Each structure stands twice: as C-alpha cells, then as structure tokens.
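**Q** Single-letter residue listing:
Protein chains: 2
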Amino acid sequence: MTSPAVSVRTARPADVPEILAMIRELAEFERALDEVEATEEHLHRTLFADEPAVFGHVAVAADGHLAGLAVWFLNYSTWQGSHGLYLEDLYVRPAHRGQGVGRLLLQTLAAVCVERGYPRFEWWVLDWNESARRVYETVGAEALTEWVPYRVSGAALLRLARPDAPA
Amino acid sequence: MTSPAVSVRTARPADVPEILAMIRELAEFERALDEVEATEEHLHRTLFADEPAVFGHVAVAADGHLAGLAVWFLNYSTWQGSHGLYLEDLYVRPAHRGQGVGRLLLQTLAAVCVERGYPRFEWWVLDWNESARRVYETVGAEALTEWVPYRVSGAALLRLARPDAPA
Chain U
305 MTSPAVSVRT
315 ARPADVPEIL
325 AMIRELAEFE
335 RALDEVEATE
345 EHLHRTLFAD
355 EPAVFGHVAV
365 AADGHLAGLA
375 VWFLNYSTWQ
385 GSHGLYLEDL
395 YVRPAHRGQG
405 VGRLLLQTLA
415 AVCVERGYPR
425 FEWWVLDWNE
435 SARRVYETVG
445 AEALTEWVPY
455 RVSGAALLRL
465 ARPDAPA
Chain L
305 MTSPAVSVRT
315 ARPADVPEIL
325 AMIRELAEFE
335 RALDEVEATE
345 EHLHRTLFAD
355 EPAVFGHVAV
365 AADGHLAGLA
375 VWFLNYSTWQ
385 GSHGLYLEDL
395 YVRPAHRGQG
405 VGRLLLQTLA
415 AVCVERGYPR
425 FEWWVLDWNE
435 SARRVYETVG
445 AEALTEWVPY
455 RVSGAALLRL
465 ARPDAPA
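Protein chains in written order, with my numbering: chain U, 305 to 471; chain L, 305 to 471.
Extracted from the complex, chain U is given alone in its bound form:
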C-alpha cells in the first residue's frame, strides 16, 4: 500500500496554482464546483501568512507534479482541553489513485498529531463516497455517525445575526 514513487512535504508558495487546481477538482468530484470561491491570492494569504492558521501538505509524484493535497487546521476539544487536527480537504488526483497516496497523506498528518500531542485527528466525508470511507476505516478511523453537522450561512446567517432588522 505504500507509494515509493510519491513523497509528502509541506506546501510551498510555488504550489499554489496546482493546489487551487486540486481544490477545484475535489469540489467537482463532490458536485459543488460552483461553490469554489477561493483564488490563488486567498491561498497565498492563508497558507503562507506570517502566522498561518491553515496548513497544507502535498504529495509529489516522481515527475515533480502534485499527486495529492491535504489542507488542515487546528480544532479544539473542550472535553480534552486540547487542540486536535482537522483535515478540511484530502484529495488524490485520479491518475495517482490506488497507490496509497491518500494513506501516505493521512499517515503524515497522524505523525504531526503524535509529535505535538494532539489526541484527535478528524475530518468529514460525504456519505456516498464509499471508496474514501473504505480507506478511512482501513487506517483505523471511526465514523462518528451519532453526530450531525449543522450550518447557518447566507441570508439565514444575516437574519440570525440581526433578529430585529426589517426583513
């Protein structure tokens, strides 16, 4: 399951065009390409700020092209009184699938957790993405099916923020 031809390293500013391309490829796969508003400038500002709050790792193929991407940040558990690692995006390009690239990215981030003492490594997956879910279960991740994510956005967020404003 290892992928000797692919290595993982932290993202660099020169990776930004390919990172954005992969973010768009992933969104297309997740049937939400129209929701991508990120730009190269956003990514430069976010991943390479003086004290970044969002981090990227990339998988690099033997020919130097990027084979995969992990974008992550720190979350926090009040119960554990500790930060954890939240994986926002994990993506492996179609030509590199089935070679353990996703697992290599997950291993790298698990090692970041262990090194820094973060007790939890978490992410979300679309329920119909069965091939991803199989990989996650193989690496020892547990589906937290008892928890349901909620979101307020757009007009509903404005209404909630300003309950007394005229509609």
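Hints listed in this document are in silico derivations from the structure and should not be mistaken for laboratory results. Every value quoted in this text rests on a predicted model; they were computed, and no experiment measured them. What you were told as hints is all true, and nothing was included just to trick you.
Quick list of the computed label-pair ranges, beta carbon to beta carbon:
1. U:E344 with L:H348: 35 to 43 angstroms
2. L:E322 with U:A325: 45 to 53 angstroms
3. U:P321 with L:L430: 39 to 47 angstroms
4. L:E322 with U:A336: 40 to 48 angstroms
5. L:R335 with U:P317: 43 to 51 angstroms
6. U:A353 with L:P317: 23 to 31 angstroms
7. L:W432 with U:S311: 38 to 46 angstroms
Glycine included, every Cβ here is placed at the ideal spot set by N, Cα and C.
Take the given structure of chain U and dock chain L to it, following the hints.
**A** Just chain L now, with coordinates in the frame of chain U:
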C-alpha cells in the same frame, strides 16, 4: 423568545471555574463525563493566551451566575477561501432552559460572523438531541446529513502515525 434577564458577554478569567463546571455538565448530558480531561489550568491557558485560538462567550443571569456557555474557534473552508466560525460547545443550564438563552448565544456568534465576514457558522449535534435540533432549525441552521464525521484517536492514531513500528 428573548431573555431580557440574561445577557451575553465574552468570557473572563474569573469565569473559568463555572466554565469548567458547565463543560462537565454538558459532557454528562452527552453521556461522556468520563471523557472530560480539561482542567481550570487548560482553560486559562487556552481561552486567555496572548493570542488565543479558542474563544468563549457566556450568558449571565440577573443574579450574576452563568446561565450558559459557548466555546468556539475558527475553521476554514478551502472552497470559500475563508475562515468560518465553529461552535465546539453550546450549553444552557437546566434552570435557564426554554428562555431563549441558547438562541441569544447563537445570535451573538452569528453577529461575530457577519461583522468579520465569515460566511459559515457550523457545529455538530448528537443525533438524539431533538430539543437542540429543533432550536437549530428554528434559527435557520441546516442539518448537513450528507456529511459524516470521522475520527482517529488513541492507539489507532499511534498506529497510523508509525505504520512500521512493531505492534
């Protein structure tokens, strides 16, 4: 639904003992009191660091005691190229329920989102917590039932981080 006797403000260091008590009350309600490892010292270090990454808002009753708690941090959407607000814990003490305290905390955090330009306000809820889910739907939140949270922790996290280590 408003609660004129209760006001919301950002947490202060003197609130820490009551904040920890509420974290424990919430964990007990969520049937996971044995998972609480946070201490007053953890909370002081986290919520009141020089540049905190985790934030607290409290609801204060007319008698000065704390009626409720919200603990939150920033998450990030690669699609939107933007931070959002993630609510880790929302709790209203039993004596103050049914008075709109939870809604007041949600309104306050929605206002933080709008003020800072965060397009998304998100959290998780236990699927069996129907009274909370009713409140969330009333305030315009949407259940993201297509997404499944995953977690690696404990021995599985160590194994994933060190795949070549002896078992």
